[in-house]
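Q: First to last, the protein sequences are chains X and D.
Its first residue numbered 1, the first sequence is counted upward by one per residue in the numbering used here.
Its first residue numbered 1001, the second sequence is counted upward by one per residue in the numbering used here.
Hints may be right or wrong, so weigh each one.
Claimed, not checked - List time: in silico SDA-like cross-link candidates among lysine to any residue, alpha-carbon distance up to 25 Å:
no.	chain 1	residue 1	chain 2	residue 2
1	X	K239	D	V1310
2	X	K216	D	S1140
3	D	K1337	X	T148
4	D	K1287	X	T191
5	D	K1323	X	R254
6	X	K216	D	A1167
7	X	K52	D	S1140
8	D	K1323	X	R231
9	X	K182	D	Q1261
10	D	K1337	X	S271
11	D	K1323	X	E242
12	D	K1295	X	E213
13	D	K1323	X	A229
14	X	K182	D	G1270
15	X	K54	D	Q1308
16	X	K239	D	M1171
17	D	K1295	X	I210
18	D	K1295	X	R254
19	X	K182	D	N1182
20	X	K182	D	A1331
21	D	K1329	X	E213
22	X	K54	D	E1132
23	X	K182	D	N1301
24	D	K1295	X	A218
25	D	K1150	X	L64
26	D	K1337	X	S252
27	X	K216	D	G1270
28	D	K1131	D	P1205
29	X	K182	D	G1217
30	X	K182	D	E1312
31	X	K216	D	D1216
32	X	K239	D	K1131
Stated by the list, open to error - If you only want the chain X side, here are some residues facing chain D, beta carbon under 10 Å, derived:
no.	residue
33	E43
34	R46
35	T47
36	R50
37	K52
38	Q215
Keep in mind the hints are simulated off the structure, nothing from the lab.
Quick reminder that beta carbons are idealized off the backbone N, C-alpha and C, glycines included.
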Amino acid sequence: MFEGLTRHPVRWLVGALALLVIVSQTVSIVREDQQALILRFGEIERTVNRYKPKEEFGRSGAGLALRIPFFESIQYIDKRILGINMERQQVLSTDQQRLQVDAFARFRITNPVRMYTAIRTEERLQQQLATILGSSLRNELGKRTFATLLSPERGAVMDNIQVALNREANKYGAEIIDVRIKRADLPEGATLEAAYNRMRTAREQEAITIRAEGQKEAQIIRGTADGEAARIYAASFGKDPEFYDFYRAMQSYRQTFLGETNQGGTSVILSPDNEYLRHFRGG
Amino acid sequence: MTNENEGSMGGRSPRGARQFFHRISLMANSPWGNGPKGDKGGKDGDGDRTGPRNPWVTPDPADPARGRKPRGPSALDELLRKGRGSFGGGGSGGGNSFNFGDSAGLWKWGVGALVVAWLLFSSFHIVPPEKEGVVTRLGSYSRTVGPGVKFTWPTPIERIRMEDVRAIRTMQIGSPNATDENFVLTRDQSIVDLAYEVRWSIRDPELYIFQLADPDGTIREVAESAMRATVANFDLVQAIGPGRVEIERQVQQRMQDLLDQYRAGVTIQGIAIRQADPPSQVDEAFKEVTAARQKRESDINLARAYEQQVLERARGDTAAFDKIYEQYKLAPGVTRKRLYYETMEGVLSNTDKTIVEARGVTPYLPLNEVQRRVVPAPEATTKGGQ
């Protein structure tokens, strides 16, 4: 046998090559994350490892796929969750606010037959869905106010978009799993500037309020202190108003005539009737 | 002679196996298959086909890559040398056929060793302690194996893919650099510049591998979406301050829910907001608020100081009065007189005094004189100056 091989290597080689070709035309491996279409002369004959909801790995149809060589060909289609990345879009809300919106969607090809018939490849499906996503996003957001997009209601907006998109995606044999707004930003320029201004004035308002508050509190504290002091004075001096009058007058004289503030000097012209000079007169 | 030795060893191996290896080598790739063809050319006496056309030149570089089988390279080298020698000898048919038979045996041997190496390397797998291996049999998910030495069927039948399930991976979103801003809108339609990181790990490697076309990109998009949706429920002041912890918690929850919905096989370990600042364009206004807070504090502090001052003074004054009054009550007349005279003494001893005896003189007093006496110094200086 081996001598035969060495004697007729070309024959063996050709035979082996032919076998290889036939095997590769007959047997193919369908991976767990793939679904496959068997095409007979371009017509879809059957599917392998088609997506079924809630299936377990290892029990799906993945594995070897056999086909009739040369008559049938195999076409792989992704079974995983795929993403759609939408180009950043400018959306005008009902209150005429401009908004830059970035959204993404996740989908899965659930019906490979329909998908293959309608659009052939995953890439083209992704492009197609991105376009549809963009337009349904504009439609839906155009009906809403700016504030809605920032509220919990935006979940409802997303659900609407998902329903609309799903309707379209079904025609291509795909199922939309999720639609999300990734970013919703104010566009550069006037809008952003206006937002900054609003933020700035809001902060300024807060700052002024805080300052005024501080002044108010300070005034209250001072007033309370003055009141308390008056109470203390009254409690003490009220015991003898007449003596207080005298005592305070004495203090006041000292302060006025001797204090540091008395810089101009003082001249006093005394009448002999003055109480101080009573004894001076010898009275 | 090593050649003969190896040749005889090749001859000793079972005939069926030899055939098998040979056929495998034929199928593997065409240069291998060309081997006998080239030799045949030599046998036919085509002298032009010499050294460089030798088919063994082509597979030789593939050999070190293939395996660590110790004998391979030396055997092949030997073969090469011998092949060249035979061609160089040329002509003699008998010698040529002997050489050919010998080289075929070596060839079988080499291929056999390669196949064994391939079987070994594709069947034994060392799964490192931090990893798990996902085994697929002919594409279909078979099992997930833990760390250790694991066996699988050789490569075309079973494949293993290892994923690190222990490591916590981090993903940075936004950047703390001033130049790179990641603006997020808050509930009060303000803008906050956010930078955060997502920590995640793989929980189910088979889900991670089979479910998502682009797991990392998906996690990133989900993180951005969840962060924006969450921050949209917070006011700016909360987002840049006390609300952070709550935001982190909610984002983690949201992300986990979404990824579970995708069956991504990923656990979100945590979100860390590294930076949540107002945009630099309005930073000044925010500092203004801080300054206003400081001002309020300082205003209040000053008022408190005044309060202390006034109260202490009142207490001091009244205490002094109370003491005097205590004594005054004991001897009102004397105390009163004493206070009066002491005060007057103090006051009048330091002032210019004019006592006017007669009534009605006051208007004629030279008040200017009186004034001048008070401030003589400035006049003197001005006179001196003239």
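Q: Taking the hints in turn, state whether each one holds.
A: We went through each hint and held it up to the structure:
1. X:K239 / D:V1310: 21 Å, holds
2. X:K216 / D:S1140: Violated: X:K216 and D:S1140 sit about 76 Å apart, past 25 Å.
3. D:K1337 / X:T148: 87 Å, violated
4. D:K1287 / X:T191: 23 Å, holds
5. D:K1323 / X:R254: 19 Å, holds
6. X:K216 / D:A1167: 57 Å, violated
7. X:K52 / D:S1140: Answer holds: X:K52 to D:S1140 is near 15 Å, not above 25 Å.
8. D:K1323 / X:R231: Since the Cα atoms of D:K1323 and X:R231 sit roughly 18 Å apart, the hinted pair holds (cutoff 25 Å).
9. X:K182 / D:Q1261: 17 Å, holds
10. D:K1337 / X:S271: Between D:K1337 and X:S271 the Cα gap is close to 20 Å, so the pair holds against 25 Å.
11. D:K1323 / X:E242: Holds, at roughly 16 Å.
12. D:K1295 / X:E213: Given that 25 Å is the threshold and the Cα spacing comes to 10 Å, the pair holds.
13. D:K1323 / X:A229: This hinted pair holds, its Cα atoms lying about 18 Å apart.
14. X:K182 / D:G1270: 20 Å, holds
15. X:K54 / D:Q1308: 76 Å, violated
16. X:K239 / D:M1171: 79 Å, violated
17. D:K1295 / X:I210: The hint holds at about 8 Å.
18. D:K1295 / X:R254: 40 Å, violated
19. X:K182 / D:N1182: 12 Å, holds
20. X:K182 / D:A1331: 92 Å, violated
21. D:K1329 / X:E213: 49 Å, violated
22. X:K54 / D:E1132: Holds. X:K54 to D:E1132 sits at ~23 Å (cutoff 25 Å).
23. X:K182 / D:N1301: Violated. X:K182 to D:N1301 sits at ~48 Å, over the 25 Å cutoff.
24. D:K1295 / X:A218: 11 Å, holds
25. D:K1150 / X:L64: 24 Å, holds
26. D:K1337 / X:S252: 16 Å, holds
27. X:K216 / D:G1270: 45 Å, violated
28. D:K1131 / D:P1205: Roughly 9 Å separates the two Cα atoms, so the pair holds.
29. X:K182 / D:G1217: Holds - the C-alpha atoms of D:G1217 and X:K182 are around 12 Å apart, at most 25 Å.
30. X:K182 / D:E1312: 64 Å, violated
31. X:K216 / D:D1216: 56 Å, violated
32. X:K239 / D:K1131: Violated: X:K239 and D:K1131 sit about 92 Å apart, past 25 Å.
33. E43: 25 Å, violated
34. R46: 17 Å, violated
35. T47: With a minimum Cβ separation of about 15 Å from chain D (threshold 10 Å), the hint on X:T47 is violated.
36. R50: Violated, because the Cβ-Cβ distance from X:R50 to chain D comes to roughly 14 Å (cut-off 10 Å).
37. K52: At 14 Å from the nearest chain D Cβ, X:K52 fails the 10 Å test, so the hint is violated.
38. Q215: Holds. Min distance 6 Å.
Of the numbered hints given earlier, the model fails hints 2, 3, 6, 15, 16, 18, 20, 21, 23, 27, 30, 31, 32, 33, 34, 35, 36, 37; all others are met.
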